[in-house]
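Undergrad: Sequence:
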Amino acid sequence: MRFTVPPQRMMPMTALIVDDDRAFRRVVRRLLERAGDISVVGEADDGEEAVELTRQFQPDVVLMDAAMPRVDGFEATRRIKAERPQTKIIILTVHEEGVYRRAAKGSGADDFLIKKTLATKLLPAIVEQ
Numbered sequence: 001m002r003f004t005v006p007p008q009r010m011m012p013m014t015a016l017i018v019d020d021d022r023a024f025r026r027v028v029r030r031l032l033e034r035a036g037d038i039s040v041v042g043e044a045d046d047g048e049e050a051v052e053l054t055r056q057f058q059p060d061v062v063l064m065d066a067a068m069p070r071v072d073g074f075e076a077t078r079r080i081k082a083e084r085p086q087t088k089i090i091i092l093t094v095h096e097e098g099v100y101r102r103a104a105k106g107s108g109a110d111d112f113l114i115k116k117t118l119a120t121k122l123l124p125a126i127v128e129q
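Position 114 of the sequence shown, counting from 1, maps to 114 under the numbering used here, and the rest follow consecutively.
By construction, these hints were calculated from the structure, which means they are not laboratory data.
Each hint should be verified, as a subset may be incorrect.
[Stated by the list, open to error] In silico lysine-lysine, DSS-like type, Cα no more than 30 Å apart, as pairs:
| hint | residue 1 | residue 2 |
| --- | --- | --- |
| 1 | 115 | 105 |
| 2 | 115 | 88 |
| 3 | 121 | 105 |
| 4 | 105 | 116 |
| 5 | 81 | 116 |
With the hints as extra help, turn the sequences into a complete structure.
TA: Shown next, in the form of structure tokens:
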């Protein structure tokens, strides 16, 4: 299945992948590359690096793991949204408990996805306005 960027965008969407698991970042990168209209501008392995790379690359969307060392995804989301509220942030986690969903919403995240659903839900969540 191919997803395309909304027609009003002339350039591909840009994405930053943030997860402390390098293998998982590769899986997400492959999903995005297959989509075609999304360019991965960087990868980070913790929330602190995510904030720095968001400042540097100004991605359209940040795909953010919830639980990471140093700075977790919720705190990184708060920091990014304080500086760049227009950046779409999707929290990714293996945890299905409601407390994680509430924490994502409280941090200002735009969406929340369970990692096992990425194959079917990630691309629609990214391009959804």
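Undergrad: Each hint: holds or not?
TA: Hint check results:
This hinted pair checks out: residue 115 and residue 105 have alpha carbons roughly 17 Å apart, not beyond 30 Å. For the hint pairing residue 115 with residue 88, the CA-to-CA distance comes to about 18 Å; that is within 30 Å, so the pair holds. Proposed proximity of residue 121 and residue 105 is supported: the alpha carbons are some 18 Å apart, at most 30 Å. Under the criterion of a C-alpha separation no larger than 30 Å, the hint pairing residue 105 with residue 116 is consistent with the structure, at around 20 Å.
Under the criterion of a C-alpha separation no larger than 30 Å, the hint pairing residue 81 with residue 116 is consistent with the structure, at around 26 Å.
When each numbered hint is compared with the structure, no violation occurs for any of them.
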